[in-house]
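Mind assembling these two chains? They're in different frames, but the hints should get you there.
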Amino acid sequence: MQADESKRKQLIWVVGLFGLVALTLPMVDLPFSSYVMSVLTFAFIYTVLGQSWNLLGGWAKQFSLGHAAFFGLGAFATAFFCNLGLPAPVSLGLAGLMVAAISLPLGLICFSARGPYFTIITLAIAEILRIVFLWRPELSGSEGIIVPNNIFSGKVGIYYLTLVVAAASVGVAYWLARSNHGLALMAIGDDEEASAEIGIKVRNTKSSTLFISAGMGAVAGGAYGLFTQYLSPNDVFSINYSLDAIFVSIIGGIGHPFGPLVGALLFSILEETLNPLVPNAHLLVLGAILIAIMFLLPKGLVTLVTGSEHQGHVAGIKIKRRQVVNAP
Amino acid sequence: MDYSTLAAQLFLTGIFLSSLYILVTFGLTMIFGVMEIVNFAHAAFAVLGGYACLMAVTSLAIDPFLALLPVVVFMSLVGWLTFDFFARYTLDLGDSHVVIYYALLLIISNILALIYGLDYKFIPSTLGYTQLQLGAVKYPLIKALVALLSLASVAGLSLYLKFSVTGKRIRAVSQSKESAEIMGIDSLKIRRITWVIGIASAGLMGALVGLVNPFSPYAGTTYLIVAFSVAILGGMGSLFGTIVAGFIVGMAESLFSLILPSQISPVIAFVLIIVVLMIKPEGLFSRA
Chain A
54 MQADESKRKQ LIWVVGLFGL VALTLPMVDL PFSSYVMSVL TFAFIYTVLG
104 QSWNLLGGWA KQFSLGHAAF FGLGAFATAF FCNLGLPAPV SLGLAGLMVA
154 AISLPLGLIC FSARGPYFTI ITLAIAEILR IVFLWRPELS GSEGIIVPNN
204 IFSGKVGIYY LTLVVAAASV GVAYWLARSN HGLALMAIGD DEEASAEIGI
254 KVRNTKSSTL FISAGMGAVA GGAYGLFTQY LSPNDVFSIN YSLDAIFVSI
304 IGGIGHPFGP LVGALLFSIL EETLNPLVPN AHLLVLGAIL IAIMFLLPKG
354 LVTLVTGSEH QGHVAGIKIK RRQVVNAP
Chain B
10 MDYSTLAAQL FLTGIFLSSL YILVTFGLTM IFGVMEIVNF AHAAFAVLGG
60 YACLMAVTSL AIDPFLALLP VVVFMSLVGW LTFDFFARYT LDLGDSHVVI
110 YYALLLIISN ILALIYGLDY KFIPSTLGYT QLQLGAVKYP LIKALVALLS
160 LASVAGLSLY LKFSVTGKRI RAVSQSKESA EIMGIDSLKI RRITWVIGIA
210 SAGLMGALVG LVNPFSPYAG TTYLIVAFSV AILGGMGSLF GTIVAGFIVG
260 MAESLFSLIL PSQISPVIAF VLIIVVLMIK PEGLFSRA
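Going down the list, the protein sequences come from chains A and B. For the first sequence, our numbering assigns the number 54 to the initial residue and increments by one for each residue that follows. For the second sequence, our numbering assigns the number 10 to the initial residue and increments by one for each residue that follows.
If we strip away everything but chain B, and leave its shape as in the complex, we get (with noise of 0.2 Å):
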């Protein structure tokens, strides 16, 4: 295999993984802005839309690519009842909310495994191996579809916070929420709305990745991980610094794995946080 081959197939790994990690890791800032909560259950939202896909694919009988809709759909719901219920009463808590969270994170994780079980679980695609042709280099069509429909979700949440009425509400309550509220925002409504999004935006994530990656319940805590290191070196409650950060990592991970066994690759995401905080915590850019 000759090294231009080799670079490609590394830059589109890199550009599939980024794009997942941006997804999950938008919402995640999002909320940290808004909210200035940590949600550590985060990931658990990312399995549980999996499992969401997997039962829409399998009850409903359609293709796995139809059934994100349902999903999404799913997952909001999920979102608006878990924000009324739980997150709600969660933001005046201050720095111990993670743990409550942890908390939250266990619970779903474990509901799961009551019922799906812990071996891994894979949802079915008619798209199956076939593979794209890109010039010389083969990648898997379904992959190059996944990283498709995330950069994509991405960039119409994105143009959505830019553009829309409620974005401009979102990025006001997160810039400062005292001042957004003497402008008259109701901050509820756009703390419930943005959490809604960001557990949607993780169930999507979810389902996408099961589309490609075998998931149990307990997977969540592999992409919290990433996702953190995310949002951390793009900087909490940045939007911009998490699609630059998602490139970044995606990219180093796909490099890394030439030289690294695949066991210690989450050590670089790890080793990533540790640098990152002790030299610049505000990450690359600041909050937007």
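Bound-form chain A, shown alone (with noise of 0.2 Å):
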């Protein structure tokens, strides 16, 4: 309990001082703190993306490969009513219910699969998503989206919104795997037959998560919207969301809370520095990373911090056979 308790506060202290620097921030005028606002606006942005695919994959196992679909449909739809004339946080609220809406279908098709089926399953629905939005301009546009000025437009406007909803979805994060819905999400990830006999419903709870899942991830896309002010099919469903928020997730710490935000800085400082050098080099080394910390350090990079049992529940990869699976 002693290292428990010290390490709960050195969490609290780092979390505590991030928050500090990132709050105060757009008060500064440093002159790089513009270029700082825009890699933090950005890694928020993914901190959004990366939660909402973590809530699925970090403790059910229902590893999605689809999330830009949600990503997508968000920024459309909150492009859609910010161009109706609606205030842009009114926007954002009702893309996020209206995708959460739309995704309760869509969890029917992609849950009758199970393992990788469900993954290929989802990339088909993105995939799908992407090419139809693509070739029927009255979705699209026919040159792409544009989203009008709002009271979010300029840095420290947008750089707010997104800190806000980056820390309410961690705090989504926190609280759900604290309750008896997140519990039974992880039960489902251990062991889904199991679950289901212990009287989980397990299909309902899939289902509630995906809705919540589905809202986060389509806010995050409508902030980005809102962030860019253009939008393209081919940009906003493409499955490099989808990779991004999976990066994030499991570099970061996956099934932790503070997993995407850790994962989603590092994301966005690599892709800031590396990508204007050479394009999508900062993919290269994210899938390096990725797959060193699949083998060293399987629960992410929070494991640096909070030791190598997450708070709770030990939200891993799963070792089969060999290794026995660590109970919290």
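A couple of the hints might just be wrong.
As the list claims (entries may be wrong) - Selected chain B positions facing chain A (in silico; Cβ < 7 Å):
| id | residue |
| --- | --- |
| 1 | V47 |
| 2 | V108 |
| 3 | I109 |
| 4 | V276 |
| 5 | I282 |
| 6 | I283 |
If you're looking for bench data, these hints aren't it; they were derived computationally from the structure. Ideal Cβ placement from N, Cα and C applies to all residues, glycine included.
Pasting the structure below:
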């Protein structure tokens, strides 16, 4: 318990310090603070996207390769509502709800498959959406959709928006981890059949989690749209966002509420520094880091701070057969 | 153009597409059958084979069809190395291995992009645009050769699996690893051989495609989806299923190209995947 306590304090210090810096950053007018703000803005967007993936992938072990679907839908929905004249926060919220609602029938399709088949099906859905949006100009605008100026336009506005949303996503993940719902999810992740046998409503749990996950992903996409103010299907439905969600969560800390935040920071820094030099070089580096993490630090970078057991549940990569799965 | 010529054209295109799809999926489904690994990076190896062929042709100045031999040797080597230094350690990961193989796909694609750039490359061939005359139908000679080679490779591999000792061992491990081990089969060695065959055949397919279509480092993703739809439709792990499904998907794509604009055609493969996974996830034929 001693070790736990000090680890907790360490974590709180780190988080508190970071939070303080993040909140006050825009007020300090250093020459590079504008650059840092955009790196952080992207990091926050990826955090939300990563969290949305993490709910399903980190706990319930449903590895989705299709989160770009929610990202893209959220982006376009937000743009749509903004273009109708609704204020930006309302648009974002509505978009989140709308995409979450759409996720329900999608969930029926996806959850009929398990394991790698689930992954393939999610990929298929995301790609279908991308192609359909590309093909149909009514949905995507003949040259993309422009998001009008709103109260979040301008670096500072969008920075605070994404900061709040990212913090909220961490909060949701944290709260979920401690709730019955979260426990049910983790049980499903450990052994789906056994969970069903002891009375967990597997389908319902997965669907409701997908609901939240879709909403979060949509908000991430919406924030992205409000930031870049220009959307094209090949961009927002790109499989890269599905990958970003996965990278960010696994590298940061799969199943841990702070995991995606850590991963997103690393991701955003690498992207902003490497991409201008060599396009997509950051994907190469991140792929290598991902592989390294999965072999060396399976529960992600957060373990450097929290120790190799996450609070409350070991939500790491399950080793089949030879090794024993760690119990909380 | 009368309907019989049109039908003949569609049929030939269907055969052409099918032959390539079967070849690339063969390795994918074999690897899954023997090792339970969904190799998301399979298509990247195919693209790698394409670039290897290009290199062989430009640096050795030989005919691309001759270059296929060194390409297969090279890709076998690549397979060997990737197994011993990578794939071997992923065998116990369980469901999360899909992510790691996707990372591998990214790494290979982006290394290729770094070396060769993003523009589309073509493997030049002396056969050029020669057309074959088959009755009333004209068909490009090079496509016919590519299709023939693909089908021959698949036939060769099938015969190998059916009649050779190693082939039988591979099928044994695919059916049940534990039983095969009890019988004295070294499952690690068999997995290695399976992986090498899988990667080499993927590379061969990539090289053959490169002769006909321009390719770029990221072209792999299109083949990946088609390969998956064929593998899932046929039943992951079933080689006969792959052949049947390959023909179905190839012919379907050829037919649909009449009605649908070409941008939409990938959607068919995706929808097929979804439908199959929802109705009969084991595919047409379960593991053989």
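Here is how each hint holds up against the structure:
no. : hint : verdict
1   : V47  : holds (4 Å)
2   : V108 : holds (6 Å)
3   : I109 : holds (5 Å)
4   : V276 : holds (5 Å)
5   : I282 : holds (5 Å)
6   : I283 : holds (5 Å)
Checked against the numbered hints listed earlier, the structure breaks none of them; every hint is satisfied.
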